[in-house]
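J.: Generate coordinates for the entire structure from the input sequences, incorporating the hints supplied.
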Amino acid sequence: MSEHSGLRAYAPLAGMLLLLLLVQVLALAVTPLMIGAGYEAFEDPESAANPIAFILLLLVFTAVLLWLMKKGKKFLIQAVIGFSILFIFAYIYSAVFLFLFDSLLVGWAVTACAVVLSSALLYLYPEWYIIDVMGVIISAGAASIFGISLNIFPVLILLVLLAVYDAISVYRTKHMIDLAKGVIESKSPILVVVPKSIRYSYRKEGVDIQKDKQERGAFIMGMGDLIMPTILVVSSYAFLKAPAVAGMLSIPTIGAMLGSLAGLIILMHYVNKGNPQAGLPLLNGGVITGFLLGCMLAGTWDWLPYI
1 MSEHSGLRAY
11 APLAGMLLLL
21 LLVQVLALAV
31 TPLMIGAGYE
41 AFEDPESAAN
51 PIAFILLLLV
61 FTAVLLWLMK
71 KGKKFLIQAV
81 IGFSILFIFA
91 YIYSAVFLFL
101 FDSLLVGWAV
111 TACAVVLSSA
121 LLYLYPEWYI
131 IDVMGVIISA
141 GAASIFGISL
151 NIFPVLILLV
161 LLAVYDAISV
171 YRTKHMIDLA
181 KGVIESKSPI
191 LVVVPKSIRY
201 SYRKEGVDIQ
211 KDKQERGAFI
221 MGMGDLIMPT
231 ILVVSSYAFL
241 KAPAVAGMLS
251 IPTIGAMLGS
261 LAGLIILMHY
271 VNKGNPQAGL
281 PLLNGGVITG
291 FLLGCMLAGT
301 WDWLPYI
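Numbering (our numbering), first residue to last: 1 to 307.
There may be inaccurate statements among the hints.
Said to hold, decoys possible - Here are the simulated DSS-like pairs of lysine-lysine, each with C-alpha atoms no more than 27 Å apart in a straight line:
hint, residue 1, residue 2
1, Lys73, Lys204
2, Lys181, Lys70
3, Lys174, Lys70
4, Lys174, Lys74
5, Lys74, Lys181
6, Lys204, Lys74
7, Lys70, Lys204
8, Lys71, Lys174
9, Lys181, Lys273
10, Lys181, Lys71
11, Lys273, Lys196
12, Lys204, Lys273
13, Lys174, Lys273
What the hints contain is simulated information worked out from the structure, not anything from laboratory work.
T.: Listed below in structure tokens is the structure:
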């Protein structure tokens with residue numbers, strides 16, 4: 001194998017790592033704006049009931065999508081996902097533009113234009129680079145909202161529960177694989193796409209996850225795999241009482257970021273073997289491990305209950 005072809009083989013991994021890093025950097029950048037706008041999703045961020053509510057909401061959303069797929073309601077699937085995307089766009093754009101403009105009228109007008117333009121691009125021209133740019137914005141916005149809404153200990157509970165659920169839904173019930181197929185077939189933009197070649201077109205070729213890895217034109221990753229580990233990154237930034245060592249970031253936050261990237265590298269190793277993989281066990285495991293190692297280095301444990 002030539003050196004050039006060897007580098008090309010690692011390009012999708014580099015692309016996935018870049019997307020996750022961009023999501024985390026953007027989420028951290030907008031977090032102060034989200035806090036200032038009062039966009040917390042839960043009234044009490046320390047409540048252990050919040051992760052349960054999150055899981056129940058996820059289960060209901062998944063069940064609705066699977067039922068619509070079974071009934072062949074492609075338009076309704078796109079409508080449900082489209083409404084969710086509009087909702088997140090509105091939150092993240094309003095937090096940014098209401099901060100930038102003194103006039104509420106101008107801020108909301110620019111927000112409305114940005115929401116309409118972003119949504120139109122996604123649905124009228126769902127090419128991989130459009131999906132990836134908007135996917136980074138959506139994932140960062142969602143991670144920031146939930147990161148400021150859940151204190152660190154509830155986030156850890158949530159990530160462990162989600163990792164278990166993801167493993168069961170991929171390897172046992174396999175309904176997450178069915179959901180992924182339906183999302184790809186409907187061209188719904190709740191995933192990111194990393195092509196193997198710059199000439200690849202998601203609009204024309206799509207991605208068949210049942211094909212051998214050599215025959216696929218691109219790798220895909222659900223936005224949940226970008227959002228969930230980033231929630232802990234944001235929560236540690238928003239709630240942890242630890243000295244900053246790099247800009248505004250503490251050692252535990254940096255550890256969480258590095259841990260999630262390490263988890264993604266391990267995940268891509270298994271993805272390269274050709275079979276669909278549950279992403280959250282490795283991604284959530286990586287971000288939790290990196291965070292805990294960072295806490296050990298910083299000597300910061302005040303986020304634990306009863307300490």
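J.: With reference to the structure, classify each hint as holding or not holding.
T.: Checked hints:
no.: 1; hint: Lys73 with Lys204; in the structure: holds, 22 Å
no.: 2; hint: Lys181 with Lys70; in the structure: holds, 12 Å
no.: 3; hint: Lys174 with Lys70; in the structure: holds, 15 Å
no.: 4; hint: Lys174 with Lys74; in the structure: holds, 20 Å
no.: 5; hint: Lys74 with Lys181; in the structure: holds, 12 Å
no.: 6; hint: Lys204 with Lys74; in the structure: holds, 18 Å
no.: 7; hint: Lys70 with Lys204; in the structure: holds, 24 Å
no.: 8; hint: Lys71 with Lys174; in the structure: holds, 18 Å
no.: 9; hint: Lys181 with Lys273; in the structure: holds, 19 Å
no.: 10; hint: Lys181 with Lys71; in the structure: holds, 15 Å
no.: 11; hint: Lys273 with Lys196; in the structure: holds, 15 Å
no.: 12; hint: Lys204 with Lys273; in the structure: holds, 25 Å
no.: 13; hint: Lys174 with Lys273; in the structure: holds, 18 Å
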